[in-house]
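Student: Sequence:
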Amino acid sequence: MGSSRFAAMAAMLILGLMLIVVIVAEAQGGGDPTCLNTCLRSCETSEPYQTCYDQCIKKCSPIRI
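Numbering (mature numbering (1 follows the signal peptide of the UniProt record, and there is no 0)), first residue to last: -27 to -1, 1 to 38.
Don't read these hints as lab results, they were simulated from the structure.
Quick list of the computed label-pair ranges, beta carbon to beta carbon:
hint : residue 1 : residue 2 : range
1    : -22       : 10        : 26 to 32 Å
2    : -23       : 7         : 31 to 37 Å
3    : 24        : -23       : 21 to 27 Å
4    : -10       : 20        : 17 to 23 Å
5    : -24       : 20        : 15 to 21 Å
6    : 32        : -8        : 17 to 23 Å
7    : 7         : -24       : 35 to 41 Å
Remember, predicted model here, so these are calculated numbers, not experimental data.
For glycine and all other residues, C-beta sits at the position ideal for the given N, C-alpha and C.
Take these sequences, add in the hints, and give me the full structure.
Tutor: Written out as structure tokens, the structure reads:
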């Protein structure tokens, strides 16, 4: 049970870091927040969410991760 909790925390940490990268990119004037918001909204109904999220970041982010 402890290992699954650790995995969940690690996943949240990674998501948080990616979100920070996106916010920093937006603050620097790059990227398209509308693109990202629309794409992420479509992710809410798709599985797996993480894969969809990653594709949105790649599609809408000015910096290639």
